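Asks: Go by the hints and put chain B onto chain A.
Okay, here's what each chain looks like letter by letter:
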Amino acid sequence: MTSSTSSSIPEAENSDRISGMPDDVLVHILSFLPTTISAKTSILSRRWRFLWAYAPNLIFKTDDDVDSDIVYRVMLLRRSENINTLRMTGCFPCTELQFDTWIAYAVMRDVRNLDLWVSGCRILPQCLLNCKTLVDLRLTNCSVIPEAGPICLPCLKNLHLIHARYESDESLPHLLSGCTMLEEFVLMLDEDSLSCYNISSPTIKRLTVHFHFSDSTSYECRLVIDTPALGYLEICDHFGKFAPLIDAEIHLEE
Amino acid sequence: MAAETGTPTTLTLKSNDDELFSVAESAAILSVTIRNMVEDGCAGGVIPLDNVDGKTLASVITYMNGISAIPADEEKKKSYRDKFLSDKDFETLADMVLAANYLNMSCLMDAVSAKIAQVMEKKSVGWVRRKFGIENDYTPEEEAAVKEEHKWTFEGVETDDDN
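First to last, the sequence lines map onto chains A and B. Counted from 1, the first sequence has number 205 at position 205 by UniProt numbering; the numbering is strictly sequential. Counted from 1, the second sequence has number 121 at position 121 by UniProt numbering; the numbering is strictly sequential.
Since the hints were made in silico from the structure, they are not lab data. No experiment lies behind these values; they were computed from the predicted model shown. Treat each hint with caution, since some may be false.
[As the list claims (entries may be wrong)] SDA-like, lysine to any residue: derived pairs with alpha carbons at most 25 Å apart: (1) K61(A) x K147(B); (2) K147(B) x R78(A); (3) K76(B) x C91(A); (4) K122(B) x N57(A); (5) K77(B) x T203(A); (6) K151(B) x T203(A); (7) K123(B) x D63(A); (8) K78(B) x R78(A); (9) K55(B) x T33(B); (10) K122(B) x T89(A); (11) K122(B) x C91(A).
With the rest of the complex left out, here is chain A:
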């Protein structure tokens, strides 16, 4: 096959329509690509040179060979005012300062969706716990939930805490008390665990709790669920051979 000289394009019938796609449609498509891949499209033509920089999403995966310098470079080069989604996956390498800086950057730009799986495990910064625009928050392996301090997440509807750490039994009720619009809560628990998980919320409609405890037999915990708006409940024990269910009371009214 020849290289891409473009004057006689075989798909000519479509090409007018496709090459005439408005910039906002192209930017929308680019916003679904990992950010380093969408940045590559700057090589396509003059028109495409800066399109990627308007994508509202920042998506970084460790398997793209991305390091933290590239994250800073992208944050400097991008031209979109706001961030719709910041996603870092695959145990993305970062220091505590980077973690705080990137989250502050996203919160200042009215981030709506935050999906973080980065290296290390840190107390969540105040700016994140008081982000007025956050709708969807997913934290994997990287967060410590504080037991005190202001929490106000007035738009948060979906919360996924995957193998988080908790300062104390009070951490979870404290966090949920600041999520006044929460509808979906996914909680995955592993070893470093508490004596009681208290899930209390007047707004949660969907609740999923997964236990990933290994076979240490000495562990015992209580799960208390007080969610009057609940319509869907899933509880799953991935190592069911231990953790016998000692006591379960389920009241379903109406």
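Replies: Chain B alone, transformed into the frame defined by chain A:
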């Protein structure tokens, strides 16, 4: 379609190549563009959709009917969207993203855009230029400069193979 009291309202949509389609109003108003016309009382006769051809509109209506028949279950809706788009080629996807943009259907727009991005992700610069009808108007010097500026993204990328 769930049986409502009374007869469900049907709308007639007209493509830009003059094909007519009947569709239940409850499905058609997934398009904010159509919903606005209905709310403004402009939907009495035939609704002309000047930016969508018949082939694409037929496909969009299949989607409207399919997705609106699924009750509020995001997982099921997502798997319907994945299946609906799985056999579409690039040109069809491009037509659909333009139609979804014109019809202001955010769920279809997102799904098709994500699918196009997924297709693009593994392709060469040459492939993307051809499929999007992009003429490389950089001078060799400019192209080298852009590459230099973005060298953090270009390591190991072939710019003119065909896959």
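Asks: Decide, hint by hint, whether the structure agrees.
Replies: Taking the hints in turn, this is what the structure says about them:
1. K61(A) x K147(B): Holds, at about 22 Å.
2. K147(B) x R78(A): Answer holds: K147(B) to R78(A) is near 17 Å, not above 25 Å.
3. K76(B) x C91(A): violated, 29 Å
4. K122(B) x N57(A): holds, 19 Å
5. K77(B) x T203(A): holds, 23 Å
6. K151(B) x T203(A): Violated, at roughly 48 Å.
7. K123(B) x D63(A): holds, 17 Å
8. K78(B) x R78(A): violated, 30 Å
9. K55(B) x T33(B): Status holds; Cα separation ~19 Å.
10. K122(B) x T89(A): holds, 19 Å
11. K122(B) x C91(A): Given that 25 Å is the threshold and the Cα spacing comes to 23 Å, the pair holds.
Violated hints for the displayed structure, listed by number in ascending order: 3, 6, 8.
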